[in-house]
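Engineer: Produce the complete structure using the sequences and hints provided.
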Amino acid sequence: MFILYIFILLLVMALVSFIAKKKAYAIATVESIIILILTILYAFVRFYGYTGGMVSTFSYPIDTSIGFSFSVGITPISMVLLFLTVAIMSMAIFVSGRESYDRRFYGLMMTTEAGLFGLLISRNFLFFYVFWEAVIIPVFMLIAIFGGEKKESASLKFFVYTQIGSVFLLLSILTLFSFYSNSYHHGFTLNMGKLLSPAFISGYITPGQPFWTDFILFGFFIAFLVKMPSFPLHSWLPDAYTAAPYPVTIVLSGAISLMGGYGFYAVIFPIASLVGSTVAWIIIGLGIISLIYFAMVAMFQENMKKMMAYASAASMGFISISLGVGILSTGYNTYTSISGGIFQILAHGLIMGLVFSSLYIIKLNTGSESNLTVRGLFREMPVVSAFFLGGLMASLGLPGLAGFISEASIVLASYETLGLLIFLVIFGMIITASYHVWAAQKALNGPYNEFLGKVKDGSRGEIAALSLLFILILLLGIYPSLFYHMIFVYIKGGI
Amino acid sequence: MFGILFTNQIQVMYPEIFLGLVAFGMLLLGRSVKNPRVYTAITMASLFIALFLLLTFDSGNETLFGGSYLINNFGLYFAVIMIISSLYVTFSAGATLKSNPESFFSIFLLVNVSMMVAAFSNNLIYIFIAFEGVSIGTYIMSAYGKTRRNLEASAKYFFTGIIATGFILFGSSFYYLSTGTFNLLSVNVSRGPMLVALIMLFVGFGFKLALVPLQQWAVDAYDGTANPVSAFLSTGTKVLAFLIILRVFIEGFRNFSTDVFYLFVIVSIITMTYGNMAALSENNVKRMLAYSSIAQAGYLILVVAATSASTTSAFVFTVAMFTAMYYSLVYIFMKGGAFLSVSAVRKDNVEIDDMAGIGTISPAFAISFSILMLSLAGIPPTAGFFAKYYLFLALIGSNLWWLAVIGILNSAISVFYYLKIIVVMFRKDVDGKDFNTSRAVIAPLVLAAALSLILSLFIFAYPQISAMATGLGVSI
Numbered sequence: 001m002f003i004l005y006i007f008i009l010l011l012v013m014a015l016v017s018f019i020a021k022k023k024a025y026a027i028a029t030v031e032s033i034i035i036l037i038l039t040i041l042y043a044f045v046r047f048y049g050y051t052g053g054m055v056s057t058f059s060y061p062i063d064t065s066i067g068f069s070f071s072v073g074i075t076p077i078s079m080v081l082l083f084l085t086v087a088i089m090s091m092a093i094f095v096s097g098r099e100s101y102d103r104r105f106y107g108l109m110m111t112t113e114a115g116l117f118g119l120l121i122s123r124n125f126l127f128f129y130v131f132w133e134a135v136i137i138p139v140f141m142l143i144a145i146f147g148g149e150k151k152e153s154a155s156l157k158f159f160v161y162t163q164i165g166s167v168f169l170l171l172s173i174l175t176l177f178s179f180y181s182n183s184y185h186h187g188f189t190l191n192m193g194k195l196l197s198p199a200f201i202s203g204y205i206t207p208g209q210p211f212w213t214d215f216i217l218f219g220f221f222i223a224f225l226v227k228m229p230s231f232p233l234h235s236w237l238p239d240a241y242t243a244a245p246y247p248v249t250i251v252l253s254g255a256i257s258l259m260g261g262y263g264f265y266a267v268i269f270p271i272a273s274l275v276g277s278t279v280a281w282i283i284i285g286l287g288i289i290s291l292i293y294f295a296m297v298a299m300f301q302e303n304m305k306k307m308m309a310y311a312s313a314a315s316m317g318f319i320s321i322s323l324g325v326g327i328l329s330t331g332y333n334t335y336t337s338i339s340g341g342i343f344q345i346l347a348h349g350l351i352m353g354l355v356f357s358s359l360y361i362i363k364l365n366t367g368s369e370s371n372l373t374v375r376g377l378f379r380e381m382p383v384v385s386a387f388f389l390g391g392l393m394a395s396l397g398l399p400g401l402a403g404f405i406s407e408a409s410i411v412l413a414s415y416e417t418l419g420l421l422i423f424l425v426i427f428g429m430i431i432t433a434s435y436h437v438w439a440a441q442k443a444l445n446g447p448y449n450e451f452l453g454k455v456k457d458g459s460r461g462e463i464a465a466l467s468l469l470f471i472l473i474l475l476l477g478i479y480p481s482l483f484y485h486m487i488f489v490y491i492k493g494g495i
Numbered sequence: 001m002f003g004i005l006f007t008n009q010i011q012v013m014y015p016e017i018f019l020g021l022v023a024f025g026m027l028l029l030g031r032s033v034k035n036p037r038v039y040t041a042i043t044m045a046s047l048f049i050a051l052f053l054l055l056t057f058d059s060g061n062e063t064l065f066g067g068s069y070l071i072n073n074f075g076l077y078f079a080v081i082m083i084i085s086s087l088y089v090t091f092s093a094g095a096t097l098k099s100n101p102e103s104f105f106s107i108f109l110l111v112n113v114s115m116m117v118a119a120f121s122n123n124l125i126y127i128f129i130a131f132e133g134v135s136i137g138t139y140i141m142s143a144y145g146k147t148r149r150n151l152e153a154s155a156k157y158f159f160t161g162i163i164a165t166g167f168i169l170f171g172s173s174f175y176y177l178s179t180g181t182f183n184l185l186s187v188n189v190s191r192g193p194m195l196v197a198l199i200m201l202f203v204g205f206g207f208k209l210a211l212v213p214l215q216q217w218a219v220d221a222y223d224g225t226a227n228p229v230s231a232f233l234s235t236g237t238k239v240l241a242f243l244i245i246l247r248v249f250i251e252g253f254r255n256f257s258t259d260v261f262y263l264f265v266i267v268s269i270i271t272m273t274y275g276n277m278a279a280l281s282e283n284n285v286k287r288m289l290a291y292s293s294i295a296q297a298g299y300l301i302l303v304v305a306a307t308s309a310s311t312t313s314a315f316v317f318t319v320a321m322f323t324a325m326y327y328s329l330v331y332i333f334m335k336g337g338a339f340l341s342v343s344a345v346r347k348d349n350v351e352i353d354d355m356a357g358i359g360t361i362s363p364a365f366a367i368s369f370s371i372l373m374l375s376l377a378g379i380p381p382t383a384g385f386f387a388k389y390y391l392f393l394a395l396i397g398s399n400l401w402w403l404a405v406i407g408i409l410n411s412a413i414s415v416f417y418y419l420k421i422i423v424v425m426f427r428k429d430v431d432g433k434d435f436n437t438s439r440a441v442i443a444p445l446v447l448a449a450a451l452s453l454i455l456s457l458f459i460f461a462y463p464q465i466s467a468m469a470t471g472l473g474v475s476i
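Residue numbers (the working numbering), protein chains in the order written: chain S, 1 to 495; chain C, 1 to 476.
These are calculated hints, taken from the structure and not from any lab test. Keep in mind that a hint or two might mislead.
Unchecked claim - EDC-like mimics (lysine to aspartate or glutamate), calculated; alpha carbons at most 16 Å apart, straight line:
1) C/Lys428 to S/Asp102
2) S/Lys21 to S/Asp102
3) C/Lys428 to S/Glu149
4) C/Lys428 to S/Glu152
5) S/Lys456 to S/Glu380
6) S/Lys363 to S/Glu152
7) C/Lys428 to C/Asp353
8) S/Lys363 to S/Glu416
Structural biologist: Here it is in structure tokens:
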């Protein structure tokens, strides 16, 4: 119930942010931090000494004749992603303070947070879908209203892409619903647990329904791959990431891509018995292609924001690999691969939060985000530059930082399945490392670009926020069990 | 002598009789009173009273005139929502109608009488007469105004409408040829004349619903008429045409459901796709909305496809009928509100770019309009989403996955042009634009937007609403 109260509080807060005429920034910051603290508190209470299963289950029937009910349930997967969401959102809201955004901006940000929160806690497919869409609208508005150059085409592209994905999601949900009631004869339900239960899926759909199996999977995969974004459904990515204002870019890379990953592990993994080896290999292939292709594209970007946008998409390629491997292999390889994938979402979100926030501060202070003008920044902005470097290092998977844990566990688990293909993954990681280092080299080291003139370092508050985030990334790199353990226990216990 | 007034047959006609009397009274009053507000008030009041009379006297089950006139909840539901749509249009019409308000409103009320009659009719001739009553009234209403544009729109509407009338009569006579009666619940035997009747009636009624390839008039008529009239044309009369299509093709042709199925599937696919594609490239707001209502009509008739498919089941039938009823209700406010809101720009041909900057001048307008657009696009948690949700549920339920995919891709494409308006509205260039953000423009829009959200709660009423569908007289 406590989680539900947090959610209701969040809804109220979003409304307050829309209404409050003055000090919109301060209010939103305080609100998001309160939610962050409450969520951490909840996580501590409910997941300290976690032993498996779903906690905080709650259900309020709305219309039983058609299977609507508002159901809530928290698994470690959603807990980890909830934590990521609230952390990223408070970071994004906090760093936006220097630009004078009005209450519409903060209201929409809080609505986005509420939508993500609702998505992660709901266990009913109808609400899952409603919140899924409820996230897209405010993000679309944020890009369309507050974006930079080409904001209109970018926001529309973003929306149409994700909308096509989500309508397929809806069709898949409807198909499951229809099978459950019409053929399986177990009444009308939209409960995720029931519609994804092995008894129904492997007992009824898997045998003798080849077409519908593909149909269901196709819808789910399209919806989730668009959000990640994965090759070849990524062409909204460069436009949206660059046109969005920085705080929204943080949200896009940390929180919107999370939705795709959450869908993978919370929806597709439970029905893994539907996924044949061909489909699993296709997913792995898409993951590897994303990893390499996006890394290659990122390498040639002069605009660092765009480069990191591709870097973000590239590291989401690991999620696809982890899911495919998790389905193809058995035993500990599956557990490790899936846990690594979930951990990767968390690490990726936090790292991208750090990278984009420090890049944002660099952009604000120097007026540029291009690798051609921003050079030798260590001389003028040592602290922010250090955090940017830290973010880049974490993003390339340096041991000791969060990104390493997940990438290492995915690669370890996938060796047996992938065989020699693992070299492609390694190759992608090498490219990733090379352009990260290259970017750091150009932007931070070397002679300072005197045309930028005298530049201030980040303010005290900004540095504090960046260091908190960095400490978190470091902590997760050194002591991953903080989250890794409960994910592993949950996956091992069977979803 | 007056005892006849209190018999059942007359009592169920009270709403119609009442509105007709008010309409003629209004014409008399027009000799002395010229203030449009008075007529708006009278119209509103009498529509409310008619609503009350409807709910009082027509809520039972009654069969009149040898089964030609069926009083039941299905007809009642549609009659009520059509009156509601008229109320909604009246609510906003008063301010824009300056000359001869009495003739406009009295014709408007007579149209409402015909709509109510049509809602309960179960006989092709009754339907034809009532339908003509509505058509002739709307021809006059669309010509209301003094500009050439209004006349041109009305003339186009009139000439194409007359041809449609001919088709309906022709089709009805073939129907009679096959069955020996005009009653829709009759048992029909010979296939040849029925197929001719099917095509002819489809052309006739499809014209009113503006299904492709019978849509040509709609865009010009909506574009050329006054905003309240186009709002009414695209809501009240559309719902009526939809109801008649449900009646005639689900009930009257129930023994030929395969033919009905193929006809409706093909036409709905063409209609959806054409409407959306045309709307995508349209810059004029009203024409874009007109194309979008063509596309919406395409979704609506998917209901007929779902119910007449060979794979349909009782559950699908219930869901489909719920969709039909719920979609009609939601559609009134989505589309009516959208058409009325065009009045906010003081200009004749409102382009999408003319809406730029209204988000800063009147956030209430921009937000409400955005909600309507999102609802039309079918995005949760608006009522438009739930309407589409049940529609696709019905399609998936009867294994028509390919039709659902086509429909859903169409609705994804349509998002593009709906959102284009939203994006433009929140742009910040205000200079040189003249917006009319008076209460008369904003209030109906805000009401529609609020209802587009509130009506999504109607999914709770699924059992009650779908129970009314039994009044259609067909069950699977």
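Engineer: Now tell me if each hint is right for this structure.
Structural biologist: Each hint, compared with the structure:
Of the supplied pair hints, the one linking C/Lys428 and S/Asp102 holds, its CA atoms being roughly 14 Å apart against a limit of 16 Å. Distance hint between S/Lys21 and S/Asp102 is fulfilled; the C-alpha atoms sit about 9 Å from each other, no more than 16 Å. The suggested pairing of C/Lys428 with S/Glu149 holds, with an alpha-carbon distance near 14 Å, which does not exceed 16 Å. For the given pair, C/Lys428 sits about 12 Å from S/Glu152 by alpha-carbon distance, which is consistent with the 16 Å threshold.
Annotation: proposed proximity of S/Lys456 to S/Glu380 holds, straight-line Cα distance about 7 Å (limit 16 Å). A threshold of 16 Å between alpha carbons decides the hint, and for S/Lys363 with S/Glu152 the separation of about 22 Å lies outside it, so the pair is violated. Pair hint C/Lys428 plus C/Asp353 holds up; C-alpha atoms about 12 Å apart against a cutoff of 16 Å. Proposed proximity of S/Lys363 and S/Glu416 is contradicted: the alpha carbons are some 44 Å apart, above 16 Å.
The structure does not agree with the numbered hints 6 and 8 stated previously, though it agrees with the rest.
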